[in-house]
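The listed protein sequences correspond, in order, to chains A and B. The letter at position 92 of the first sequence is residue 92 when you use my numbering, and the numbering goes up by one with no holes. The letter at position 215 of the second sequence is residue 1215 when you use my numbering, and the numbering goes up by one with no holes.
Among the hints, a few may not be true.
[To be verified] Some chain A residues well away from chain B (every beta-carbon gap over 10 Å; in silico):
no.	residue
1	T135
2	V142
3	A272
4	I302
5	E389
6	T395
7	N404
8	Q416
9	D486
[Stated by the list, open to error] No farther apart than 27 Å at their CA atoms in a straight line, the calculated lysine-lysine pairs in the DSSO-like style are these:
no.	chain 1	residue 1	chain 2	residue 2
10	B	K1085	A	K433
11	A	K440	B	K1241
12	A	K301	B	K1241
13	A	K279	B	K1241
14	A	K294	B	K1241
15	B	K1241	A	K244
Rather than coming from a laboratory, the hints here were simulated on the basis of the structure. Note that beta-carbon positions come from the ideal geometry of N, C-alpha and C, so glycine has one too.
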Amino acid sequence: MRAAKFKTFLSCRRVNLRTKVLSYEPAAISAVLIGLIILITFTLGCTQKEAPKEDSGVKNKEASHVKSEPAYGDAIIEGSIGDASNLIPELASDSASHEIADLVYGGLVRYNKDLITEGVLAESWDVSDGGLVITFHLRKDVSWHDGKPFTADDVMYTYKVMIDPKTPTAYGGDFLQVKKAEVLDKYTFRVTYKKPFAPGLISWSIGILPSHLLMGKDITKSSLARNPIGTGSYKFKEWKTGEKIVLESNHNYFEGRPYIDRFIYRIIPDSATMFLELKAGGIDWMGLAPFQYKRQTENAKIKKNFNKFKYLSFSYTYLGFNLLDPRFKDKRVRQAISYAINKQEIIDGVLLGLGVIATGPYKPDMWAYNPDVKKYEFSTDKAKELLNEAGWKNTDKDGILEKNGKKFEFTILTNQGNEEREKSAQIIQRRLKDAGISVKIRIVEWSAFLKEFIRTRKFEAIILGWNIPPDPDLFDVWHSSKTGPDELNHVTFKNAEVDRLLVKGRGTFDQEERKKCYFRIQEIFAEEQPYVFLYVPDALPIVNARFKNINPAPAGISYNFIKWYVPKNEQKYVELTQ
Amino acid sequence: MKKERFWTNFWKELRRNKLAVAGGVVVMALFVISFFAPFISPYDPEQINVEEILLPPSSNHLFGTDELGRDVFSRVVFGARISLKVGFVAVGIATVVGVFLGSIAGYYGKLADSIIMRFVDIMLCFPTFFLILAVVAILEPSITNIMIVIGLTSWTGVARLIRAEILSLKSREFVLAAKSIGANDLVIIARHILPNAMAPVLVSATLGVAGAILIESALSFLGIGVQPPTPSWGNILTSGKDNIELAWWLSLFPGLAILVTVLGYNLLGEGIRDAIDPRLRRR
């Protein structure tokens, strides 16, 4: 599951998009399947899936272990705000598609519950030549859902798809670092890198595609986009667009047959409606919005019937400036805006305290996180001072600053459907007004947002989110070479030292060495404020209490999804299980 | 003399209609509230206070607070301003365009009539609300754009009314008299015909205000109308929808405001129509 790409989190509620490069997280709502989305994706979401910390789900563990034996059967229904776009994971960058694809496909490796790399389709691997060569020994007992055996040719095919410039994938970059890929025998695959590449191993968490079905065909026109065939723990059954996606357990799965027979992904594009469905029993699993977590799930009935969880999500939300705009080129202006925003107020008001202040692109429990960077304590006076220094003065006494006769006015863009972002924008608007800056808010539907504003760079400031992959490599988001229309450095941040550190950080396997690079990068970000890093929200999944063996770990709750079960006497959808 | 009797009768009729009077009172009250909004509302409607999120109605906050701790009463009061503004400007645009095109069509007839009335037919074929949605989605959503768009999509009714009136008026003696002394067309239309054709326009405008307020609320509810932080009844309702289980007051009060306002305009409009239309006049 790593793979190092980025999805944009867009909104918390509502979502969906079909864009190749940026993808978002329907977050709040689409609970928590995959362990982590490893690709960096734009998050649409607010609260988000994956990645755990504490368990507020009270009696979860005891209850699940004391009573009753694991049993096969039953179905789980997860609610999601957005529909999937394409079930070939290489071609989709939205989190809904990846969530389904992660169950249907498997990679060579993945992160385990403690975020350590472990084998999936690769039984083991040898690293040689100072990390330049990785030899994967593949499992011999794996077959595709259509019965054909899985071999090294499939891996080779997937690699070729990823490096083919015609493949519309956002995730090709890591594979272009490979100098040579070879199939040594039916179950041995070797890659050789040009130079040391730290995210190399985990990039092979990308879902492996069936070469016998795709070889020689145009992948963009493949029927697998809607009828995927993989090696994963669940088989695809049906997809009703905008309604639901149904998967069935793979009885021959090499890690053991999943206990839950059926996985249903229901699309409900409104968080309040989804919560009503949850209470009515129409869905079993969703991500809660902060208000739902704090005020609507605290009664005895909910506590008895559901387990809820809370942990820091792998995502952060930021206010990004278009650095091509001459006003935002001045560092003092960006710093002033940071001072003018009260981040704690946003966390209290929008997240109801369910989150922490972000100081950079990592979250506090990662090894790459630097706790000692410059912080911007809320101070309207300091903001005004800096703005004055930068030449912005209130000359006509209307409360709005001017420079060369032009008022300081700009528009914050954000995507529709993410209530948390809309509210944050309003709080920021208010605070900046106090500092003498007039802000307009414009809320745009997600796919138009990406196509017409992000791609074309036609924005002044945006509120968006990124997910945070466990590997700290941020080359794709911050390197000055990544400013093309479909690339992810959409604020056009260019800093020679950061460029150097990014290359250095991914080019060594020594964690201490890497840590130094990323610590320094965070110091630069803190000083430069290309984004105002706002907050890291908590993920707030809630699951029906009949599902047992859910054990939160650093990777979230869904890493052991195939081990979840419902005791025989509590099974709800019995008729489904022959 | 004749004119004065018309208005005296009109007032008498209108006053006898209790519902119309109630509607009139509501409309007047709205004007007062809008005009004195800063004095009536106890708080700044845009003041965010994260310590007072979603408080139920109390003596401090008459209508409770919203999801950012803003006072709902103040927001509803200021929302009245937006509604009135949108209602009147939109209807103003519709009336001006409708009267202009309707007069030309009715007075000149023939080709002008055909072209304008077929254009009206085309406009009527579009489902108005979706046309507005499409236009607002292309333009940047703002109060000004909404007023213009609503205005430019709702003039067809007025145009048809005016045309019909003019068709029946233009062959009347006083028009012939004006023509015979050499008055030009503009003078005839503006001085002689239009004043006599305005009664149905007045009715349609009053009802039109109610329609425009509803459309504005619907657009704001969908998030493409009045943009935050400006309060409008529609966007207060949106937060009401998002928090419907937690905060009934967020849906109830702006909803009531819309209901009462639209009802008021409709009652008044119907009252005016009854008072003007001699056939409906009771003895």
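Going through the hints against the structure:
no., hint, in the structure
1, T135, "holds (53 Å)"
2, V142, "holds (46 Å)"
3, A272, "violated (6 Å)"
4, I302, "holds (12 Å)"
5, E389, "holds (28 Å)"
6, T395, "holds (25 Å)"
7, N404, "holds (25 Å)"
8, Q416, "violated (6 Å)"
9, D486, "holds (24 Å)"
10, K1085(B) / K433(A), "holds (25 Å)"
11, K440(A) / K1241(B), "holds (24 Å)"
12, K301(A) / K1241(B), "holds (23 Å)"
13, K279(A) / K1241(B), "holds (17 Å)"
14, K294(A) / K1241(B), "holds (18 Å)"
15, K1241(B) / K244(A), "holds (24 Å)"
The earlier numbered hints that this structure contradicts are 3 and 8.
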